[in-house]
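Q: With the hints as extra help, turn the sequences into a complete structure.
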Amino acid sequence: MEDNMLIKLTLEAILGKYAPDNPDAYEVPFGMNVGALIAKLGIPEHLVMFVFVNGHMATLDTILQDNASVSLCPYICGG
Amino acid sequence: MPYGYNGKILVVDLTAGTWSVDEHDETWYRTYWGGGALASWYMHKFIPTKTDPLGPENVLIFAASVLCGCGMSGFNRYTVAAMSPLTGGFGESEAAGYFGPEMKHAGFDAVVFKGKSSKPVYLWINKGQVELRPAGQLWGMENAPFLDAVRAELGDKKIRIASIGPAGEKMSRLACIINELAHANGRSGMGAVMGSKNLKAVIVRGEEGGIELANPEAFKELNLFHRKRLGEHMPNVGMRKFGTVQHMMAQQNSGILPTRNWKDCQFEDAAKLGWEGYEKVFDGNHTCYKCTVACKRKVNNIAEKRYGGPEYETLAALGSMCGVGDLDAVCRGHEICNAMGLDTVGAGAAVAFAMELAEKGILDAKDMGGRLITFGDGAGMLELLGTIARREGLGDVLADGVKRAAERIGKGSEEYAFHVKGQEPAFHDPRGKTGVGLGFALSPTGADHIEAPHEVPFQGEGVKLVNPLGIIVAPKALDNGPGKVRYFIAGEKTWAMNNTLGICNFVVAPLFALSYTKLCEVVEAVTGWSTSLHELMLVAERSMVLARMFNVREGMDSTDDTLFRRMFEPLPEGPLKGTTIDPKEFKNMLAMYYAMMNWNEKGIPRAGALYNLSLESLS
Chain A
107 MEDNMLIKLT LEAILGKYAP DNPDAYEVPF GMNVGALIAK LGIPEHLVMF
157 VFVNGHMATL DTILQDNASV SLCPYICGG
Chain B
170 MPYGYNGKIL VVDLTAGTWS VDEHDETWYR TYWGGGALAS WYMHKFIPTK
220 TDPLGPENVL IFAASVLCGC GMSGFNRYTV AAMSPLTGGF GESEAAGYFG
270 PEMKHAGFDA VVFKGKSSKP VYLWINKGQV ELRPAGQLWG MENAPFLDAV
320 RAELGDKKIR IASIGPAGEK MSRLACIINE LAHANGRSGM GAVMGSKNLK
370 AVIVRGEEGG IELANPEAFK ELNLFHRKRL GEHMPNVGMR KFGTVQHMMA
420 QQNSGILPTR NWKDCQFEDA AKLGWEGYEK VFDGNHTCYK CTVACKRKVN
470 NIAEKRYGGP EYETLAALGS MCGVGDLDAV CRGHEICNAM GLDTVGAGAA
520 VAFAMELAEK GILDAKDMGG RLITFGDGAG MLELLGTIAR REGLGDVLAD
570 GVKRAAERIG KGSEEYAFHV KGQEPAFHDP RGKTGVGLGF ALSPTGADHI
620 EAPHEVPFQG EGVKLVNPLG IIVAPKALDN GPGKVRYFIA GEKTWAMNNT
670 LGICNFVVAP LFALSYTKLC EVVEAVTGWS TSLHELMLVA ERSMVLARMF
720 NVREGMDSTD DTLFRRMFEP LPEGPLKGTT IDPKEFKNML AMYYAMMNWN
770 EKGIPRAGAL YNLSLESLS
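Chains as they are written, first to last, in the numbering used here: chain A, 107 to 185; chain B, 170 to 788.
Treat the hints as calculated values from the structure; they're not laboratory data. Computed from a predicted model, the values in this text were never measured in an experiment. Beta carbons: idealized from backbone N, C-alpha and C, even for Gly. Some hints here could point you the wrong way.
[Stated by the list, open to error] To spell it out: a stretch of chain A is covered by chain B in this simulated footprint if at least three of its residues, at any positions, have a beta carbon under 8 Å from a beta carbon of chain B; those stretches are:
#1 118–132
#2 162–172
[Stated by the list, open to error] Not close to chain A: a few residues of chain B, all C-beta gaps over 10 Å, as computed:
#3 D533
#4 D536
#5 G545
#6 R775
[Unchecked claim] Restricting the straight-line Cα-Cα distance to at most 27 Å, the calculated cross-link-like pairs of lysine-lysine (DSS-like) are:
#7 B:K459 - A:K146
#8 B:K177 - B:K459
#9 A:K146 - B:K441
#10 B:K687 - B:K459
A: What follows is the structure, encoded as structure tokens:
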């Protein structure tokens, strides 16, 4: 579809269970941001610690571009 | 003139009821900076070897830092240190809240207590004026009524208070110090040491306007930058929204949620304690001095809301560890601990220990005050917390921690007493992240979970966050090789740096918003000292070695660096079922650590390590 684009997803560690069938070519709407992507994947926001987009730390408001490489890391550490 | 710090440390002789002021030069401050390092200097100097931690010869230190109270989000932590009544070695515990900055603004970088008062007292520092005031009429009060009483007595609502409750007065070795009712110097039994000195509280009131900065304009810009970053950096956004409650389901989903005294690693009621359950009782954010992260929680299901809501460690301590899935009971237990001045981690571990002894038939109903209290009994958990705080019945035995309790109970109970060096661990399972095992074993205070950032977030692209520390290859959670030890040492130094500089782990790299480059700029804006990550890592290592050398002089060595029985047994269920720590591999990791740190085979820093850190006086 014209209004959609493809991104490459990596879901680290325990987030792996939320991986879609086609993580290497996952279709999302143009202009989608990171927060909306997390919701689309069905991941409760409190399980995600940070996201890298094209190798850079993203914010929830970061807008995804076509062919973006997106890596999500779960919340688990100490303290 | 000094910038960022006062150049004055108050030394109080409680036996004589007198005080004096120590003034150190800039070289001293730039060597020790604050926190545990500053406290260690006094501990090495004043505490006799092999003394009784609860005797008058122990020395109790409240130490801020050269940066504490500068007004930057998260730069508000202080340390309380003394010989630990749990381990007989180095004891320290950090807290945030409001006390540290106010102590600085009141004129002192640290307060050192020697001796023991003949009667209950509290110390009142009012804008540089010092007074020891009688506290006999206040002795026995829980923390909230005490706070209200001294505010009325001193006629000032802006005072800041670090106090002990009845548990500290009765010298429970699990007693903590609470500031402003919701911020705890929890670990190491510092509340017991305070109680042993008949010291009910330290109360401070500072000058308006804070501390003098070297470069106020640069600081203002950095502060604005930091605040903006905290508002968008994802880990900080998550911390603001969910606090550490996030850990509960993360641990459960990873298969490493400490449950029923470490017997299990999956808790069927975890979701009730995690954010989905917690959100129902969430009553807003709570924060520390000038911090926009606001990770602390308020809850609506307790009577005295100022005690705040439980964080992850407490949810696990009083929840999964006791098999209690009733969030109302866990919140009530947290309220009891803050009111009575009990460390939720140690107290929860002691209750879980007793519950397992009841299941094994080692304790019977009579031992437990009339009825058997086993896993899942929320009312029983609350009952035991009360008896520990008041030192009644079985509570009197548990109040000394699980190691000493097992020695008194006997009957094989030591098989279920889980501790390192005498201190109960907080609730992170090294079988799912071996770096945490190194932290438990090597922490100078006994088992401690915040020795180094846990390695799990640095998988995949997350390794970029630790690249500035020289870690180029991501350490896998279950690795036991030199890469893991290298990572652990780098991480350990960053958190030792935070403890020494009085910075919250939740605002600074590697995980959180402030980069190391910006941190160095903040140091210069506050103190005028041009610095580098290299210098800050040296400061951190110095604090680690000072603490280690305190334990060395108390007779500890590599034989004390170990884990507890269940860590060497397979995880019984869940996604990591069957995973365990191999004792030989773990010993090998420790040997690599000693070698990398330039410590000898017995875990004692070599002369070269001491010289390198300007600690030749300890060689």
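Q: Taking the hints in turn, state whether each one holds.
A: A quick look at each hint next to the structure:
Counting residues of the stretch 118–132 of chain A whose beta carbon lies closer than 8 Å to any beta carbon of chain B gives 3, which reaches the threshold of three, so the coverage claim holds. Counting residues of the stretch 162–172 of chain A whose beta carbon lies closer than 8 Å to any beta carbon of chain B gives 5, which reaches the threshold of three, so the coverage claim holds. In this structure D533 (chain B) is separated from chain A by more than 10 Å, as the shortest Cβ-Cβ distance comes to about 37 Å. The claim that D536 (chain B) lies off the interface holds: its Cβ sits roughly 35 Å from the closest Cβ of chain A, which is beyond the 10 Å cut-off.
For G545 (chain B), the requirement that its beta carbon stay farther than 10 Å from each beta carbon of chain A is met, with the minimum near 26 Å. Every CB of chain A lies more than 10 Å from the CB of R775 (chain B), the least distance being 29 Å, so the non-interface label holds. For the hint linking K459 (chain B) to K146 (chain A), the alpha-carbon distance of about 36 Å lies beyond 27 Å, and the restraint is violated. Note on K177 (chain B) and K459 (chain B): the hinted pairing holds, with a Cα-Cα distance of about 24 Å set against a maximum of 27 Å.
Restraint check for K146 (chain A) and K441 (chain B): satisfied, since their Cα atoms lie roughly 24 Å apart, inside the 27 Å limit. The straight-line distance between the Cα atoms of K687 (chain B) and K459 (chain B) is roughly 18 Å, inside the 27 Å bound, and the hint therefore holds.
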